[in-house]
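Enquirer: As given, the protein sequences belong to chains Z and E, one line each in that order.
Heads up: the first sequence begins at 1 in my numbering, then just goes up one per residue.
Heads up: the second sequence begins at 1 in my numbering, then just goes up one per residue.
Since the hints were derived computationally from the structure, they do not count as laboratory data.
Using N, Cα and C, we set each Cβ at its ideal position, and we do this for glycine too.
Heads up, a few of these hints could be off.
[As the list claims (entries may be wrong)] Quick look at which bits of chain Z chain E covers, simulated, 3 or more residues with Cβ under 8 Å: (1) 44 to 53; (2) 74 to 80; (3) 113 to 125; (4) 138 to 144.
[Unchecked claim] Okay, derived cross-link-like pairs now, PhoX-like style, lysine-lysine, Cα gap no bigger than 25 Å in a straight line: (5) E:LYS150 with Z:LYS78; (6) Z:LYS149 with E:LYS273; (7) Z:LYS29 with E:LYS273; (8) E:LYS273 with Z:LYS57.
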Amino acid sequence: MNKAWVFSDNISTEEIIRGPNVWRQDYHKYLFDIARKDLNQAIQLDSTRGDFFVAGKNFGIGSSRQRAVEGLILIGIKAVIAKSFATVYGDTAVSVGLPIYKFSRDENVDIDDGDILELDEDNLLVIDQTKHKHYRLMPVSNVIREVLKGGGIIRYINEHGDWPQLKK
Amino acid sequence: MGSYIEEILSLRLGRKVVPGEDAVVPCDWIVAHDGTMNYIMKAVETSGRSIPTDVIPRIRIFRDHSSPPLNEDFEKIHSNMGEFCAEKGIRIYQSGDGISHSVMVDEGIVEPGQFYASADSHGTAVGAIPGAIGFGFGGEKMAAAFLTGKMLFTVPKSILVRFRGEYPAGTDTLDGGFYMLRQLQTVVDEVRESLEGEMYLPSIGLEFYGEPVSSHTSLEMMPYTTLAKETNADTAVRVPSGKGVDLDDYSAVVDIDLSELQPQVVVPPQRRKTKVAFEVRDVEEVEGQVIDKIYVQSCTGAYDYTFAAVARILGGRRIQQEVKMLAIPATRMIEERLMKKGYLETLRQAGVSVCGAGCGACIGRQYLTQDNSNIISTSSRNGRGRMGGDSFVYLTSGLTAAATALNGKITDPRRLI
């Protein structure tokens with residue numbers, strides 16, 4: 001619970017869930033299966049409930065496969081906090097209701113696997129309780145906040161009848 | 001003046017838009033396939049809403065990722081899709097009709113000025129049609145497009161890619177595409193950094209410009225508009241010849257001189273020497289690498305010109321005994337054209353297996369591979385394990401693939417011409 005799993009830059013959706021496994025009923029058991037050899041990840045998929053993913057730049061590059069997002073929800077990931085997201089991945093995460101956050105640009109993030117984190121959404125802070133450090137998060141865009149609050153894009157459309165009305 | 005992407009989108013929306021703006025746009029085409037329809041069908045059914053009647057004719061569904069379906073699960077997906085579409089009056093293609101983007105481009109279904117929303121990140125491909133623009137989206141958002149006929153997205157900021165020169169013998173537009181990928185990855189990364197303050201999820205479009213671009217057919221442009229996704233851009237368009245461009249409208253300008261082009265090879269990620277996502281090298285750096293299996297396939301590299309070049313190289317010869325080679329045309333129409341020209345016969349006589357149109361081995365649902373095998377593919381992605389099995393995948397042009405087939409090792413095609 002509340003543990004960090006740390007990833008470097010440019011993690012692809014292929015590494016998250018490979019083409020040959022994405023269609024399986026129990027696909028979430030195959031997350032990071034081969035990539036782990038390269039990523040040197042200690043990640044144990046049966047112990048991730050209530051944890052966070054912490055990543056570098058461009059988390060989720062490549063294919064738009066939705067299960068690269070849903071798989072994280074299935075293994076209990078509460079949120080992904082990254083330096084930046086690949087556009088389609090970030091967009092899909094919001095559409096499906098997986099919370100995403102971005103570190104403020106000037107933050108030097110020093111979080112390790114297993115650090116206990118606390119997410120303060122109101123003040124846009126991530127607190128590393130293990131290292132006694134905290135990091136500011138970028139303010140989330142209005143549209144993203146609306147959709148996440150609504151529980152994803154389909155629920156939003158069901159409730160409001162249309163896409164979010166955009167404020168200029 | 002605005003970039004060309006701003007122009008296309010402003011015209012489509014009927015008002016001026018600027019990069020970074022979140023806009024809701026009517027979709028001229030809503031395209032999904034057997035890799036993504038599961039999520040879309042589930043989301044549509046759970047929503048309890050019906051697909052509006054004016055949206056139905058704009059939807060096209062393809063069976064390309066599992067074509068033909070090789071196990072019961074894939075068979076079931078195909079029949080579920082068939083039932084869903086029949087019930088709602090949605091046009092669905094058969095297994096073997098070909099890859100979604102390739103069909104939509106080759107048959108001229110997508111027209112200039114149209115906005116194409118695809119449940120496949122290579123929806124960027126339709127930028128091969130001058131004035132058309134395409135994006136890939138996740139399944140849930142595509143379901144929302146089914147239910148509303150519209151899509152919410154961020155207007156991209158553009159990078160101008162200016163081409164000049166002529167392709168040297170032994171190279172083609174797929175080499176050009178890999179070379180473009182080689183140049184653009186770091187530029188897209190830098191532009192993303194610079195947009196961080198302006199856009200929460202920065203959106204970037206590549207604009208291909210210059211005399212070579214103007215003289216290409218739509219299918220010749222497919223390597224560029226599909227590989228654009230691998231640069232980590234979000235869309236790609238062809239700027240029409242004669243259109244003036246103002247460099248101030250672009251975050252970056254990249255010049256590509258095709259006359260310097262050599263056959264390019266994207267090496268397997270396990271054999272990269274750098275940290276870049278796709279490491280592209282000149283063929284001479286990897287010549288001699290033993291290859292077990294070769295695929296001429298995918299929305300990036302399985303077109304008429306690809307197979308014409310392969311047939312020219314393999315004509316009257318046999319491929320190496322130890323090499324398995326498969327040719328999987330991007331669409332059924334292409335397959336028929338190749339058949340009429342005698343190319344498929346030439347390939348078969350050379351020892352190539354010619355298969356029905358579809359995505360082929362690219363996404364690991366067909367023609368699975370053994371661990372530690374060395375593979376060539378004329379496609380856009382070689383992520384570790386993507387094609388099934390822990391194999392080493394090299395991405396090359398059809399020319400390099402054919403030359404390699406004759407020797408059993410990666411071979412510079414310029415040696416044979």
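Enquirer: All the hints need checking, so say for each whether the structure fits it.
Expert: Structure-based check of each hint:
1. 44 to 53: Check failed, 0 qualifying residues.
2. 74 to 80: violated (count 0)
3. 113 to 125: That given contact is violated, which follows from only 0 residues of the segment 113 to 125 of chain Z lying within Cβ reach (below 8 Å) of chain E.
4. 138 to 144: holds (count 5)
5. E:LYS150 with Z:LYS78: Violated: LYS150 (chain E) and LYS78 (chain Z) sit about 30 Å apart, past 25 Å.
6. Z:LYS149 with E:LYS273: violated, 43 Å
7. Z:LYS29 with E:LYS273: Judged against 25 Å, a Cα distance of about 31 Å means the pair is violated.
8. E:LYS273 with Z:LYS57: Holds: LYS273 (chain E) and LYS57 (chain Z) sit about 20 Å apart, inside 25 Å.
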